[in-house]
Amino acid sequence: MATEITSGPGAAGDGVRARAGGRAAKRALPPSWPAVVPLLVFVALAFGIPAVALLLGAFTVTDPRTRISSLSTANLTESLRGNYLATLLGSVQLSAVVAVLGAVLGAFLAQAVVTSRSRALRESVLSASGVLANFGGVPLAFLWVATLGNSGVVTSALGLGEAGWSLYSFWGLALVYMYFSVPLMVLVLVPALDGLKTQWREAASNSGATAWQYWRYVGVPVLAPSLLGGVVLLFGGAFAAYATAAAMTGSTVPLVTLQIADALTGNVLIGHENMALALSLDMIVVAGLVMAVYLPLQRRSTRWLR
Amino acid sequence: MVAVTPILDTPRAVSPGRPRRVRLWRGLVLGVAAVYFLVPMGTSFWFTVHNERQGFSLDAYRRILSAEGFGTSMLLSLALAAVTIAVVLGLTLPAMLAVRLGAPRLRPVLEVVCTLPLVVPPITFVSGIGTVLRWGPDYLAATPFWATLIAIQNETFPVVLVLAYVVLALPFVHRSLDAGLRAIDVRTLVEAARNLGASWPHVVFRVIVPNLRSAIAGASFLTLALVLGEYTVAALLGYRTFPVWIVTVAGSEGQLSVAVSLLSLLIIWLLLLVLSGAGAKRRSSS
Numbered sequence: 001m002a003t004e005i006t007s008g009p010g011a012a013g014d015g016v017r018a019r020a021g022g023r024a025a026k027r028a029l030p031p032s033w034p035a036v037v038p039l040l041v042f043v044a045l046a047f048g049i050p051a052v053a054l055l056l057g058a059f060t061v062t063d064p065r066t067r068i069s070s071l072s073t074a075n076l077t078e079s080l081r082g083n084y085l086a087t088l089l090g091s092v093q094l095s096a097v098v099a100v101l102g103a104v105l106g107a108f109l110a111q112a113v114v115t116s117r118s119r120a121l122r123e124s125v126l127s128a129s130g131v132l133a134n135f136g137g138v139p140l141a142f143l144w145v146a147t148l149g150n151s152g153v154v155t156s157a158l159g160l161g162e163a164g165w166s167l168y169s170f171w172g173l174a175l176v177y178m179y180f181s182v183p184l185m186v187l188v189l190v191p192a193l194d195g196l197k198t199q200w201r202e203a204a205s206n207s208g209a210t211a212w213q214y215w216r217y218v219g220v221p222v223l224a225p226s227l228l229g230g231v232v233l234l235f236g237g238a239f240a241a242y243a244t245a246a247a248m249t250g251s252t253v254p255l256v257t258l259q260i261a262d263a264l265t266g267n268v269l270i271g272h273e274n275m276a277l278a279l280s281l282d283m284i285v286v287a288g289l290v291m292a293v294y295l296p297l298q299r300r301s302t303r304w305l306r
Numbered sequence: 001m002v003a004v005t006p007i008l009d010t011p012r013a014v015s016p017g018r019p020r021r022v023r024l025w026r027g028l029v030l031g032v033a034a035v036y037f038l039v040p041m042g043t044s045f046w047f048t049v050h051n052e053r054q055g056f057s058l059d060a061y062r063r064i065l066s067a068e069g070f071g072t073s074m075l076l077s078l079a080l081a082a083v084t085i086a087v088v089l090g091l092t093l094p095a096m097l098a099v100r101l102g103a104p105r106l107r108p109v110l111e112v113v114c115t116l117p118l119v120v121p122p123i124t125f126v127s128g129i130g131t132v133l134r135w136g137p138d139y140l141a142a143t144p145f146w147a148t149l150i151a152i153q154n155e156t157f158p159v160v161l162v163l164a165y166v167v168l169a170l171p172f173v174h175r176s177l178d179a180g181l182r183a184i185d186v187r188t189l190v191e192a193a194r195n196l197g198a199s200w201p202h203v204v205f206r207v208i209v210p211n212l213r214s215a216i217a218g219a220s221f222l223t224l225a226l227v228l229g230e231y232t233v234a235a236l237l238g239y240r241t242f243p244v245w246i247v248t249v250a251g252s253e254g255q256l257s258v259a260v261s262l263l264s265l266l267i268i269w270l271l272l273l274v275l276s277g278a279g280a281k282r283r284s285s286s
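From first to last, the protein sequence lines stand for chains A and B.
Quick note on this note's numbering: the first sequence kicks off at 1 and runs consecutively.
Quick note on this note's numbering: the second sequence kicks off at 1 and runs consecutively.
Don't read these hints as lab results, they were simulated from the structure.
Careful, some of the hints might be misleading.
Said to hold, decoys possible - Label pairs and their in silico Cβ distance ranges: (1) D262/A <-> E253/B: 21 to 31 Å; (2) G42/B <-> L80/A: 42 to 52 Å; (3) S169/A <-> V112/B: 34 to 44 Å; (4) T77/A <-> W25/B: 46 to 56 Å; (5) I267/B <-> V52/A: 34 to 44 Å; (6) L196/B <-> Y217/A: 48 to 58 Å; (7) A209/A <-> T188/B: 42 to 52 Å.
Ideal placement from N, C-alpha and C gives every residue a C-beta, glycine not left out.
Throw the hints in and build the complete structure from the sequences for me.
Structure (structure tokens):
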């Protein structure tokens with residue numbers, strides 16, 4: 001049994017039970033792996049084929065005159081230059097700003113909710129966060145266009161247009177993205193903040209620690225995996241967002257998702273049709289790095305929730 | 001997502017040392033948040049009901065039902081959602097049960113397969129799908145695959161969207177079902193039912209599924225919300241689902257598009273309310 005416990009992080013209990021019974025029950029139960037096959041086949045078809053197509057396409061260049069395709073890295077090097085690089089950096093910059101600001105504001109809101117004694121406040125903020133974290137895409141864009149767009153209610157009431165305000169700028173887009181990012185952070189952080197035991201705080205203040213010292217040496221280190229995991233999650237969400245930016249027509253912010261959509265709908269030079277695929281590959285690399293940070297963090301942060 | 005997050009309702013004790021400062025600070029944070037989150041909803045509502053010429057009128061909401069394209073796009077989105085839910089549950093539930101019961105070595109494989117779509121933003125996924133669909137005329141015109149490719153792009157019911165949505169929903173469905181399966185002892189339940197002479201379909205539908213009701217409901221509602229709100233894949237493949245319709249109608253009818261947006265916020269809210277209600281019922285009965 002002792003060797004079995006090391007079988008898997010996070011799922012040790014199930015692993016032990018499943019393996020311990022595995023040999024004895026083999027005769028009683030029919031082999032169960034065939035039930036996994038349909039899912040794997042489906043993913044191989046619906047996900048694998050487009051992924052392979054994307055990879056092949058990103059490395060294929062078609063000569064516009066001879067119509068002969070050849071393998072090369074020309075698309076990828078071009079996607080990391082000039083205008084294309086600017087859109088990639090624009091997306092990374094916007095996502096980073098949204099992630100950091102969203103995390104900080106979300107942390108404050110979560111702490112305000114957790115320390116509140118009102119059950120009603122807590123329940124309503126949590127359920128509102130659940131709704132707003134899932135509220136994105138097209139409707140979100142129109143809500144903000146009606147509020148702060150060029151002819152939005154607040155814009156015309158306060159005369160913000162003359163003051164130089166534009167929703168279609170970098171900070172305007174960041175403001176819109178925060179509408180789903182902050183609630184997501186609240187959902188990530190509230191369980192973690194609940195995991196901070198009152199006793200730790202009391203022990204700290206009994207030992208003469210100030211509030212700052214408590215947060216610096218106890219609170220934030222315990223919360224760090226959840227906080228970082230939340231930042232990464234917010235980054236990924238803002239990075240992948242396309243519908244909101246696309247619905248806010250007239251936006252001048254360079255974003256890689258808008259650039260890919262442009263290239264997909266044929267808005268590129270002849271011979272550069274595969275630019276969309278090269279840019280997509282760049283995006284997947286960035287998103288993959290982000291997830292590589294997130295998944296271990298998520299596993300670590302659940303340790304404090306018990 | 002909210003249903004997966006456990007809500008612990010132990011009220012936190014406020015440290016007695018600095019109650020005033022803490023209360024002031026908390027009030028400030030909550031006030032700013034309330035302004036930021038409520039003002040867009042309020043002003044959007046005002047935007048839909050106020051008109052320079054007529055003053056107050058609910059006309060924008062009345063026009064939704066009769067608006068051209070609303071019915072067909074909404075029906076298409078709902079049908080896509082229903083099929084997607086059926087397919088994604090039909091694929092993942094047996095696989096996850098099998099992994100728990102007799103193939104624990106496939107478990108990491110399943111986990112990787114189900115989290116992989118998170119790494120791929122929808123827009124990159126759709127550029128891959130678009131490439132495959134464009135292969136058709138070049139390489140497959142003489143093969144039976146060609147007919148399949150045409151068939152899945154049928155305008156009235158684009159199966160290709162179902163394929164894409166099932167992949168996009170996999171991570172959420174997997175997480176939700178995994179949480180549900182963690183809470184019950186599948187092996188004991190199955191062995192007990194089998195020893196008592198239950199057939200396999202009976203075990204699955206009368207023993208396992210009822211125990212997973214809230215997890216299955218959670219997975220279904222998350223998938224429903226995902227499909228009803230999905231714009232990127234549908235728009236770039238050229239299908240007129242509900243979100244695509246909102247964008248096309250926005251050009252000519254600003255008020256109408258904002259009214260529909262507010263309604264879809266309301267729909268998400270109702271869906272999650274039903275979802276958390278199902279979860280609560282499950283908890284109180286166990």
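Tested hints:
1. D262/A <-> E253/B: 21 to 31 Å: holds (26 Å)
2. G42/B <-> L80/A: 42 to 52 Å: holds (44 Å)
3. S169/A <-> V112/B: 34 to 44 Å: holds (40 Å)
4. T77/A <-> W25/B: 46 to 56 Å: Between T77/A and W25/B, where Cβ atoms are some 51 Å apart, the hint holds.
5. I267/B <-> V52/A: 34 to 44 Å: Taking Cβ atoms as reference, I267/B and V52/A lie about 37 Å apart, which means the hint holds.
6. L196/B <-> Y217/A: 48 to 58 Å: For Y217/A against L196/B, whose Cβ atoms are near 57 Å apart, the range 48 to 58 Å holds.
7. A209/A <-> T188/B: 42 to 52 Å: holds (48 Å)
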